[in-house]
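Could you build the full structure based on these sequences and the hints that come with them?
Same order as they appear, the protein sequences are chains A and B.
Start counting the first sequence at 1; every next residue gets the next number (my numbering).
Start counting the second sequence at 1; every next residue gets the next number (my numbering).
These are computed hints drawn from the structure, not numbers from a lab.
In this text, all values refer to a predicted model and were calculated from it rather than measured experimentally.
Every residue, glycine too, gets a C-beta built ideally from N, C-alpha and C.
Incorrect hints may have been included.
Stated by the list, open to error - With the C-beta cut set under 7 Å, the calculated list includes, among others, these residues of chain A facing chain B:
#	residue
1	Cys67
2	Glu68
3	Val72
4	Pro138
5	His173
6	His176
7	Ser266
8	Gly267
To be verified - Once the Cα atoms are required to be at most 30 Å apart in a straight line, the calculated DSSO-like pairs of lysine-lysine come out as:
#	chain 1	residue 1	chain 2	residue 2
9	A	Lys98	B	Lys143
10	B	Lys140	A	Lys98
11	B	Lys284	B	Lys143
12	B	Lys140	B	Lys284
13	B	Lys200	B	Lys289
14	A	Lys98	A	Lys3
As the list claims (entries may be wrong) - Taking CB as the label site, the calculated pair distances span:
#	chain 1	residue 1	chain 2	residue 2	range
15	A	Asp298	B	Lys284	48 to 56 Å
16	B	Lys140	A	Leu199	41 to 49 Å
17	B	Pro75	A	Ser201	46 to 54 Å
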Amino acid sequence: MPKRILLDTDPGIDDSLAILLALASPELSLEGISVVHGNCSLEQATINGLSVLELAHAEHIPLAVGCELPLVQPSLLAPETHGNTGLGYANLPEPRIKPVSQHGSDFLIEKILSSPGEMTLVAVGPLTNVALAIRKEPRIVGALNELVIMGGAIRHEGNTTPLAEFNTFVDPHAAHIVYHAGIPTTLVPLDVSYQCVLLASDVERLLKIESPIPQFIKAATDFYMEYHDSYQGIKGCVINDPLALALTFAPELCEYQSLPVDVDISGGVSTGKTFADFYNYEKKPANMKVALGVRPRDFIELFLKRMEKLSLTAFKLS
Amino acid sequence: MNPKRIIIDTDPGVDDAFAFLLALASPEVQLEALTTTQGNVSLEKATRNALSVLELARANHIPVAAGSVVPLVQPLYTSADVHGASGIGNSNLPEPTTKPLGVHAVDYLIERVLAEPGELSIFPIGPLTNIAMAIRKEPKFAKAVKELVIMGGAINENGNVTPLAEFNIFVDPHAAHIVFHAGIPITLIPLDATHKCLLKPEHVDRLMKIDSPISRFIQEAVEVYFKFSYERGFTGCALHDPLTLATVIAPGLLTLKEYYVDVDHSPGVAMGKTFADIFNVTKKPANMKVAMEVRGDDFIELFVQRMETLARRITG
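Structure (structure tokens):
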């Protein structure tokens, strides 16, 4: 039986790659997508999510539109990282499919409650939809199988402020709600995702297959690689969100520690900083498993193989 | 003039219950629904109390939708010391025979407000969790709601839960921050005004001359509240929530000032403090009207008269 997953996302370049990886993985059944503000505006993220589903011939997967703004903080988007459309230089056609009419957080609530103990939620954007769902329907806490979050930078520099990772910085209050809700949670922070660098040579390998999928990956990641080079001095691009997604069916790619984790919502210079109490100074119980070690090339290889397989399938269909 | 159509978002609560009664006793307003939230008491008790008070006032045709169980970010914080274990003092209303609607208060508010843009006024008299969630869930909500009349904050007055902070705002300062900055026309009724509206034992004695379940309810409800108020040096108990209705039934009693108002949600000693930029040092435009003063005795007299009318209507 494939693992049933829901994806909460702000596509976004690496988000789109996570959607494709979910569709390419027979271990998973992607049961729906909820979209949130973040890498780009909610409207753009919705268009991108639908376009990527169409690209992969997965129009049957429901997509629900969620929150436009963070809970308390003002909106913060990332056009320098993901481009003005959120997908770098990729230029996908306007989607023909439409989102479902339900709000993203209600969609999550309904999906989770309709199969108690079954659903794994992978949240790879700011946690606004998830936090709103928890506050609106507290029973989802006990009904979720697992929550996998891409977010935070534990013992790693931030990618948005010196201390804070983007998803958590954009809506730290939502992260605070989600971290302390009592859901079995795995956190995939920059500590591991920044080791997973997709190289230009990796993309060249995919391009040997003639299919719209590698062409999309090339156009999207070209922009993303330019960003990593000019802002961070990294050759290649880190694919945070696909790593989080992969851990739902290949947890052995990472090493984990159970830790008490919190986020600073004080409004000071460390706002949005996710931190773990490694020495348990505060004597609080662990609230999540944190991925702190990764075998990056094994993950990249898995990602490439899945994209090759998906490209062949999509090529045959089109 | 047509009565003002209102929904009260509430955490009953002694003075919340009095606000419903005042709304029901006032021809200037049409109470269309109650939405409940945690606050003075748990959501469960708040919802039960709302239904029971409506039933007491023979108004159980008015729908009640249950909302938030906990504040957005802060842990749950209730106030049994002020409102008694049940939430309405020592009153012992029977279990309600009616039930809340099957829809969450946040969705109910969104649905009602979007169905008639510009028509409905919301009177939030508890923590602002439901209103904040409605604003974030449905971006069109802020433009479609006619106005908010909020009981909350202490501008130049002492706080009633910390030295600086008023209860409703302290319980969910993040929700207050969302609501204050949503661009909705707001009138704020802070402690600066409500602490001047004191219901005293002689008022209750006056009501008790009318043999009515309304008078008896008010007497039983205020006992704990009186005790709490005397301990703090007040000569009666403040009718915070009913004063929101003065904006409709007796606007001349209030002195409203337009200010830029914000709330501190940083976790320091001033957490939950509502402040107004009275000298406009930040040069930000006003985001609400604030009731800084009130003719308190006149308001209390009006309240008692309206309760007398209601008590005469509901006897037995």
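Structure-based check of each hint:
At a threshold of 7 Å, the smallest CB-CB gap from Cys67 (chain A) to chain B is about 6 Å, leaving the interface hint in force. For Glu68 (chain A), the shortest C-beta to C-beta distance to chain B is roughly 5 Å, which falls under 7 Å, so the interface hint holds. Because the closest C-beta pair between Val72 (chain A) and chain B is about 5 Å apart, less than 7 Å, the hint holds. Contact between Pro138 (chain A) and chain B, as hinted, is supported at the beta carbon level, the nearest pair being about 6 Å apart and thus within 7 Å.
Interface hint status for His173 (chain A): upheld, as the beta-carbon distance to the closest one in chain B is roughly 5 Å, under 7 Å. Given hint, His176 (chain A) at the interface with chain B, holds; its Cβ is 5 Å from that chain's nearest Cβ, closer than 7 Å. Against a cut-off of 7 Å between C-beta atoms, the interface hint on Ser266 (chain A) holds, since the closest Cβ of chain B lies about 5 Å away. Here the hint on Gly267 (chain A) is kept, as its CB sits about 4 Å from the closest CB of chain B, short of 7 Å.
Under the criterion of a C-alpha separation no larger than 30 Å, the hint pairing Lys98 (chain A) with Lys143 (chain B) is consistent with the structure, at around 25 Å. Distance hint between Lys140 (chain B) and Lys98 (chain A) is fulfilled; the C-alpha atoms sit about 20 Å from each other, no more than 30 Å. Of the pairs offered as hints, the one joining Lys284 (chain B) and Lys143 (chain B) holds, with about 20 Å between alpha carbons and a cut-off of 30 Å not exceeded. Proximity of Lys140 (chain B) to Lys284 (chain B) is assessed by CA-CA distance (about 24 Å); at most 30 Å being required, the pair is judged to hold.
With a CA separation close to 29 Å, the supplied pair Lys200 (chain B) and Lys289 (chain B) stays within the 30 Å bound. Taken as a hint, the Lys98 (chain A) and Lys3 (chain A) pair is honoured in the structure, with Cα atoms around 25 Å apart against an allowance of 30 Å. Restraint check, Asp298 (chain A) to Lys284 (chain B): a C-beta distance of roughly 53 Å satisfies the suggested window 48 to 56 Å. Distance hint check: the CB atoms of Lys140 (chain B) and Leu199 (chain A) are about 45 Å apart, consistent with the given range 41 to 49 Å.
At about 51 Å, the CB distance of Pro75 (chain B) to Ser201 (chain A) agrees with the hint of 46 to 54 Å.
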